[in-house]
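S.K.: If you want the building blocks of each chain, they are given just below.
There are 2 protein chains.
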Amino acid sequence: MIKYLLKINLILLSTQLIAQINDSTQLRAIYTYNLTQGNCYENLRSLCKDVGNRLSGSHSAQKAVEWAALLMEKTKLDTIYFQRIMVPHWVRGKTELVSWKNKKDSIVNVNCTALGGSIGTNGVLKGDLIEINNWNQLEEYGEKLIKGKIVFFNRPMNPTYISTGMAYGNCVDQRHNGASRAVEYGAIAVIVRSMTLKFDKNPHTGSMSYTDSTKKIPAVAISTKDAHDLSEALKINNVKSLSLELSCKQLPDTVSYNVIGEIKGSKFPEEIILVGGHLDSWDIGEGAHDDGAGVVQSLQVLETFKKMNIKPKRTLRCVMYMNEENGNRGGEHYANMVRNNSEKHLFALESDRGGFSPRGFSIDGNKLQLEYLQTFKNLFEPYQLHIFSKGYSGVDIGPLKDGKLCLVGLVPDSQRYFDYHHSKEDVFENVHKRELELGASAITSIVYLVDKYGLPSSESIKK
Amino acid sequence: MIKYLLKINLILLSTQLIAQINDSTQLRAIYTYNLTQGNCYENLRSLCKDVGNRLSGSHSAQKAVEWAALLMEKTKLDTIYFQRIMVPHWVRGKTELVSWKNKKDSIVNVNCTALGGSIGTNGVLKGDLIEINNWNQLEEYGEKLIKGKIVFFNRPMNPTYISTGMAYGNCVDQRHNGASRAVEYGAIAVIVRSMTLKFDKNPHTGSMSYTDSTKKIPAVAISTKDAHDLSEALKINNVKSLSLELSCKQLPDTVSYNVIGEIKGSKFPEEIILVGGHLDSWDIGEGAHDDGAGVVQSLQVLETFKKMNIKPKRTLRCVMYMNEENGNRGGEHYANMVRNNSEKHLFALESDRGGFSPRGFSIDGNKLQLEYLQTFKNLFEPYQLHIFSKGYSGVDIGPLKDGKLCLVGLVPDSQRYFDYHHSKEDVFENVHKRELELGASAITSIVYLVDKYGLPSSESIKK
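For the record, the sequence lines run as chains A and B.
Just so we're aligned: the first sequence equals residues 1 to 463 in my numbering.
Just so we're aligned: the second sequence equals residues 1 to 463 in my numbering.
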């Protein structure tokens, strides 16, 4: 009996070993293909240079939708289709001016960019300035000190976080909610320090929102260097007044599309493996890292399967979402469609943290799924991927979360992302070819493994 | 008895746990200090901008020596001293020209840089060109096809390696030995494709050497883009002849110095923990990644100990080596001094792979040392360091290898290093502040742990 069990064990072990060797060979082939013949870098060049930035509702966002469909056709995907959605249509307009007057009546101009969703100023808005470094301070100063003033939110991102995404997550509330919180105390506008750890003259935009119950006031971001200088001037009472002029405005919602392409599964076509990123971007820069990188990497997964003649068992679906930046209408609509059609998703992966050197995956799944994906970790060691831990996936695929589906985010090195994020520096030239390709290889590899072996669902836990 | 053993075990376990918690707190403090108050980034700016590039024997290399000593004084190290060495003195001169004439007699100029150590051309050298893509080809073509010609070594770095250092290591022989190998078949000069995976117009220099037995011929690097274009032109017989003019020459050896600074150990002052990099650089660019980064990170280790008031048990020694790039006289001299003085080195760490996001350490020690250092791995997980594996340390500390001493190299992300390496792009602006600081934090942390707990030597294996 012991001998028999030993034999069985040896057979199992050797089967596992052979599977590992095969997988290891296949992953090596996927990396080699992407590093030598992959098209994601040239596709990104085309998206950045031929289309450019592409805020939801804009003409160039529509151009991006056409670009995406054409590229999917070129990649010879089995099915290509659009999902029609209504998206917010905010426009920046031509005027963005922030300046302050010092005690000597000299005007100091400041690099600024309106926050997405902000109302305009309707001419020049002037006011006294009050600096706020945390929410408690806002309450402490209260209406008495704030009413009629422009509130300057100057809390910096915390440089001691190792993940800059964590630093961003812990700071972005002042950008997103600053206006709606400050207006409660009678503020007439808000100026927000840009969300970056880099000390420079680049302002970074991003979404803000108003609550239904509050009055709307204009909101603008200024560069970290300007925020620092302004704060120093305030300390020595050298700011007499601040002027702000913004021509941005919200137009009626307009039509746009998620763009979807598939390779049909050969064995379980009803089981869907999703890879995606978002096609829209902010309207400054070129949306290269955010999220051109994710979009071209996602398509590269399907292209690599096609070109390497790997026939997936499950249906591989590349989703290029619309409107992640200022509404997530694409992500919400997609998830609704999945629920309405009772589509079965096995695995959904998003790449939306920049096209940098990949470090691993953050896994938003149940314990069984997490542990299962961690068994692949050693296969990724030669490719220097080491993060296989519980964590957030992404905004686009977030609405799919249902307690069963395993959601995953690609985790690249985070140090440089917020140097470029939502600024004019987020251009193709700041994306590194090999780093982008390594990211594409990583997600192609994990999709390959999940397609080959499946993935436990929470139902299997119940069993 | 069992109860007693259990108790002992529990005590040991809890002691270990407390040590881990203390270490984890201390590492967090080290990272926080470096990310908020460390000086390495500003020190690098000063080295790059106030001193500039600093090839051994040059005036600016001497300036770098003085800069280093002054900075060590400012850091208030206990001991600061120089090691006098004789270094090669190669000068580039003013003229560097490569061009080729096509069938229509048009001249195509090529971006080039003489290889360090090359002789000049003594006027314009003209010749026919023959392309070589591997050593076998050289032998195959032989004197019959090569004699009197200029040999064009065009083997590219292999993009399928994940570590670009590996790709470099497997390709750099054609740069280093190309001239001495080609001259055996009667070549009159060599042109080498630049050692980079980036496809651009930047030529990259680097060392080459002649063997004593062979005639010397000029050697020059051209950019990858130019190498590609030249190769394409050769394929269609569109290269009539190639012209080369280099004014570089070797001058007599001259005096220079390793610069050394120490904090004396409080308990085992005779045991030395070394951290270092090299002060010299190539004479184009600013030697920012190679190896200004390593130099300022190494000093940052000692500065952090001083500023955080951590008293090391062992002597911490920062060595800024001279002449890594074209001779390693500093490294050799230092190792001789150690042997002559019977100094006891416990641990030597080199940072010389660029100031990029750190990934871990490559450990050139015995099995016991390797396994011991690997027990620290979990302490580094929050800082995203994951490589703790057997591997090469570095050129400067290499000569210290004696089978007992544990040599370690900091391993940063390698994707971008060879984009800048030995080219005019290796400037301060291409170093990322946080990435540099994270590297400094990583080496400070490992030095802290090795100082605190010691390290097994091969003697302890013998016991």
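Watch out, some of these pointers could steer you wrong.
It does not matter which identical chain is used: a pair holds within one copy or between any two.
Pairs of lysine to any residue, SDA-like flavour, derived with a Cα cap of 20 Å [unchecked claim]: (1) Lys201 with Asn430; (2) Lys390 with Asn378; (3) Lys367 with Gly165; (4) Lys201 with Glu42.
By construction, these hints were calculated from the structure, which means they are not laboratory data.
S.K.: Taking the hints in turn, state whether each one holds.
M.R.: Hint check:
Taking the shortest Cα distances, lysine 201 and asparagine 430 sit within 20 Å of each other both inside one copy (17 Å) and across copies (17 Å). Both within a single protomer and between protomers do lysine 390 and asparagine 378 lie at most 20 Å apart by alpha-carbon distance, with minima of 17 Å and 17 Å respectively. For the identical chains of this complex, lysine 367 and glycine 165 are neighbours neither inside a copy (24 Å) nor across copies (38 Å), given an alpha-carbon limit of 20 Å. Proximity of lysine 201 to glutamate 42 under the C-alpha cut-off of 20 Å is restricted to the inter-copy arrangement: shortest distance 19 Å between copies versus 30 Å within a copy.
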